[in-house]
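Chain by chain, the residues:
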Amino acid sequence: MVENQLPNIRKCHTRIEGLDQILQGGLPTGRTTLMIGGPGSGKSLFGLEFLYRSALAGEPGIFISFEERADSLKNNAATLGWQLAPMEQAGKLFLLEGRIDPRAVITGDFGIQSFFAILDHKLKAMGAKRVVIDALDVLMRLINDSRREQDELVALHQWLAERDVTALLTVKAPREGQLERNYDFLDYLADCVIQLDNRMLGQLSTRRLRVVKYRGSGFGSNEYPFVIGSPGITLLPISEVGLSHQALGDRVSTGLTALDDLIGGGFRRASSVLITGGTGTGKTTLCSVMAQMACARNEKVLYISFEESEAALVSAMRSSGTDLSSTLALGQLRLLSAMPEAMGAEQHLVRTLVLIKQMQPSFVIIESASACKRMGTEQAAFEYLMRLINTCKEMGITVVTTNQTAGLHNLDEISGIGISSLIDTVIQLRLLEENAFLRRKLLVMKSRGSSHSHSVHDFAITDQGVVILQKAD
Amino acid sequence: MSAKEYRFRLFVAGNEPNSRLAEQNLRALCQEYLPDRYDIEVVDVLTDFEAALDSNVMIAPTVVMEAPRSVTLFGTLANKAAVISALAL
Numbered sequence: 001m002v003e004n005q006l007p008n009i010r011k012c013h014t015r016i017e018g019l020d021q022i023l024q025g026g027l028p029t030g031r032t033t034l035m036i037g038g039p040g041s042g043k044s045l046f047g048l049e050f051l052y053r054s055a056l057a058g059e060p061g062i063f064i065s066f067e068e069r070a071d072s073l074k075n076n077a078a079t080l081g082w083q084l085a086p087m088e089q090a091g092k093l094f095l096l097e098g099r100i101d102p103r104a105v106i107t108g109d110f111g112i113q114s115f116f117a118i119l120d121h122k123l124k125a126m127g128a129k130r131v132v133i134d135a136l137d138v139l140m141r142l143i144n145d146s147r148r149e150q151d152e153l154v155a156l157h158q159w160l161a162e163r164d165v166t167a168l169l170t171v172k173a174p175r176e177g178q179l180e181r182n183y184d185f186l187d188y189l190a191d192c193v194i195q196l197d198n199r200m201l202g203q204l205s206t207r208r209l210r211v212v213k214y215r216g217s218g219f220g221s222n223e224y225p226f227v228i229g230s231p232g233i234t235l236l237p238i239s240e241v242g243l244s245h246q247a248l249g250d251r252v253s254t255g256l257t258a259l260d261d262l263i264g265g266g267f268r269r270a271s272s273v274l275i276t277g278g279t280g281t282g283k284t285t286l287c288s289v290m291a292q293m294a295c296a297r298n299e300k301v302l303y304i305s306f307e308e309s310e311a312a313l314v315s316a317m318r319s320s321g322t323d324l325s326s327t328l329a330l331g332q333l334r335l336l337s338a339m340p341e342a343m344g345a346e347q348h349l350v351r352t353l354v355l356i357k358q359m360q361p362s363f364v365i366i367e368s369a370s371a372c373k374r375m376g377t378e379q380a381a382f383e384y385l386m387r388l389i390n391t392c393k394e395m396g397i398t399v400v401t402t403n404q405t406a407g408l409h410n411l412d413e414i415s416g417i418g419i420s421s422l423i424d425t426v427i428q429l430r431l432l433e434e435n436a437f438l439r440r441k442l443l444v445m446k447s448r449g450s451s452h453s454h455s456v457h458d459f460a461i462t463d464q465g466v467v468i469l470q471k472a473d
Numbered sequence: 474m475s476a477k478e479y480r481f482r483l484f485v486a487g488n489e490p491n492s493r494l495a496e497q498n499l500r501a502l503c504q505e506y507l508p509d510r511y512d513i514e515v516v517d518v519l520t521d522f523e524a525a526l527d528s529n530v531m532i533a534p535t536v537v538m539e540a541p542r543s544v545t546l547f548g549t550l551a552n553k554a555a556v557i558s559a560l561a562l
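Those sequence lines, one after another, are chains S and H. Letter 196 of the first sequence, counting from 1, is numbered 196 in the working numbering, and no numbers are missing. Each number in the working numbering corresponds to the 1-based position in the second sequence with 473 added.
Simulated from the structure, these hints should not be mistaken for lab results. Hints should not be assumed to be uniformly reliable.
With beta-carbon atoms standing in for the labels, derived distance ranges [what the hints assert, rightly or not]:
| # | chain 1 | residue 1 | chain 2 | residue 2 | range |
| --- | --- | --- | --- | --- | --- |
| 1 | H | D509 | S | D120 | 14 to 24 Å |
| 2 | S | V154 | H | Q497 | 26 to 36 Å |
| 3 | S | A342 | H | P490 | 51 to 61 Å |
| 4 | H | I557 | S | R69 | 23 to 33 Å |
| 5 | S | W159 | H | Q497 | 27 to 37 Å |
| 6 | H | P490 | S | S221 | 42 to 52 Å |
| 7 | S | E162 | H | D527 | 21 to 31 Å |
| 8 | S | D164 | H | P508 | 12 to 22 Å |
Here are a few chain H residues that sit away from chain S, every Cβ distance over 10 Å (derived from the structure) [said to hold, decoys possible]:
| # | residue |
| --- | --- |
| 9 | A476 |
| 10 | K477 |
| 11 | E478 |
| 12 | R480 |
| 13 | F484 |
| 14 | E489 |
| 15 | E496 |
| 16 | R500 |
| 17 | A501 |
| 18 | Q504 |
| 19 | E505 |
| 20 | V515 |
| 21 | F522 |
| 22 | V530 |
| 23 | M531 |
| 24 | F547 |
The structure presented is a predicted model; accordingly, all values stated were derived computationally and were not measured. Glycine residues also receive a C-beta, built at the ideal position from the N, C-alpha and C atoms.
Whenever a hint applies, use it, and build me the whole structure from the sequences.
Next comes the structure, spelled out in structure tokens:
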């Protein structure tokens, strides 16, 4: 990792997808990191995943929870597919339930020596150098004296530093308007401070992470969306990556020779194609033809549909002469269908990117840009498409996006939601009434790096497939 | 373990002042209110961390009354009235 010519800081990998990239290597080794977030923002899971992944890599760690029960943590872990028990049995992970009995009566002074004694023993017994203290605020609230809280925090900080322990402390974010001086103090003590939040965008909640400070190290300073799901937390530090699109590749057939001719001999590999048109103009049919052609070339195809279920899509295609079922059965074609409203744009993105990573397709179809708006806000849809298309271009994947337009044809509308700069080829489909007949029209509006036809062509969808007839008059 | 009516476990951190004070206070209170009816087990968390771990005791001094009811107290037991009320003596 680039250290930006700063003194050499030791880093401890978190192994959480995307986080080490943001932290330029990981958490500061032998130092304290503070993670602040509201209830349900994912603090405990960050801590647990850090220790779980460390344990898997052979690095032992101790998780102390002052709030959540060990059982409930284990249940959460199980839903993410993490197998904690073998790690615990192997002595690589220890969950310490430091829950404070809420009915306990406090009278007079006390200290946390017992906590230190237990932790010290466990650290030595396990040879552990990694500790997560979850919900430290619960312990601090018990002290209920800001002066003494500070003393205890200093003591804790020194105690951890003396043992060269890489510590992640989590605390609940203070409610708005509520002054919590000791968090400022913790901020000051900690070498690295990370904030989590969970806010509503449109109708959907979005989780975000931000690194507030990192002493002696550079770090990604944006707000990074993240999702929690199997196999764990995934951050998307995509904006860290510059534009590194692969050059457009050789030409491949769309599956329709007549259409190939119109765009200069087929579309280029690693290019992005937009098919735009009103409802019923044949966008899905055209996509299916392209998907089938790609499969015939022995390529893997991912078809993302926000509009139709797998069954509906397959049966619709069959009526226009394209049978997708055999390629589906072979796993060469995968359909990913979802309601856009079902989850936030980030979650959609992670789901899609995880599948792309697994499947390594060379051809991706997104149906449709217009439906993506239902993910919440137009901005969310834009980010989803922009990042997805960007990733495809970086991986050299050809991507076809459809967009349903309402009528007018200015380019902004055609390109959906401002993604036109990422689009290499635009094909516009229309239905026009001519002499009491509905006629299908096709026009290539743009095709980067190709000479293309500028004429409107008639086409037809028959049970034999799509036929492009001739130049329209 | 004896079968006394009131059973306490007092978790102390070695000889530190708060722990010593808690022990004094607890013994005095028991003499006054529960003569011959109590039993106190003192656990030093600095040497017997396993016992502290088993009982999830992070704080010292901690008094756990195990019988006749389960009650937990933190601190030196400085406020006698509060302790009496918590233990329902």
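Status of the hints after comparison with the structure:
For D509(H) and D120(S), the hinted distance range of 14 to 24 Å is not satisfied, since their beta carbons lie about 39 Å from each other. For V154(S) paired with Q497(H), a C-beta distance near 29 Å keeps the hint of 26 to 36 Å intact. Our hint of 51 to 61 Å for A342(S) and P490(H) holds, since their Cβ atoms are close to 60 Å apart. The hinted window of 23 to 33 Å between I557(H) and R69(S) holds, with their beta carbons roughly 31 Å apart.
Distance hint for W159(S) and Q497(H): a CB-CB separation of about 28 Å, consistent with the stated range 27 to 37 Å. For P490(H) and S221(S), the hinted distance range of 42 to 52 Å is satisfied, since their beta carbons lie about 47 Å from each other. For E162(S) and D527(H), the Cβ-Cβ distance of about 27 Å falls inside the hinted range of 21 to 31 Å, so the restraint holds. Between D164(S) and P508(H) the Cβ separation comes to about 52 Å, which falls outside the hinted range of 12 to 22 Å.
The beta carbon of A476(H) sits about 25 Å from the closest Cβ of chain S, which is more than 10 Å, so the claim that it is off the interface holds. Against chain S, the non-interface label of K477(H) holds: every CB pair exceeds 10 Å, the least being about 22 Å. The Cβ of E478(H) sits about 20 Å from the closest Cβ of chain S, beyond the 10 Å cut-off, so the non-interface label holds. With a least CB separation of 17 Å from chain S, R480(H) remains clear of the 10 Å interface cut-off, as annotated.
Non-interface status of F484(H) relative to chain S is broken: a Cβ of that chain comes within 10 Å, the nearest being about 6 Å off. A cut-off of 10 Å between C-beta atoms contradicts the statement that E489(H) is not in contact with chain S; the least separation is 7 Å. Every CB of chain S is more than 10 Å from the CB of E496(H) (nearest about 12 Å), matching its label as outside the interface. The Cβ of R500(H) sits about 15 Å from the closest Cβ of chain S, beyond the 10 Å cut-off, so the non-interface label holds.
Residue placement check: A501(H) keeps its beta carbon more than 10 Å from all beta carbons of chain S (closest about 14 Å). The Cβ of Q504(H) lies farther than 10 Å from every Cβ of chain S, with a closest approach of about 19 Å, so its non-interface assignment holds. Look at E505(H): its CB is around 17 Å from the nearest CB on chain S, clear of 10 Å, so calling it non-interface holds up. Every CB of chain S lies more than 10 Å from the CB of V515(H), the least distance being 13 Å, so the non-interface label holds.
Against the 10 Å criterion, F522(H) falls within the reach of chain S, whose nearest CB is about 5 Å from its own CB. Not every beta carbon of chain S lies more than 10 Å from that of V530(H), the smallest distance being close to 5 Å; the non-interface claim is violated. Against the 10 Å criterion, M531(H) falls within the reach of chain S, whose nearest CB is about 4 Å from its own CB. With a least CB separation of 5 Å from chain S, F547(H) falls inside the 10 Å interface cut-off, contrary to its annotation.
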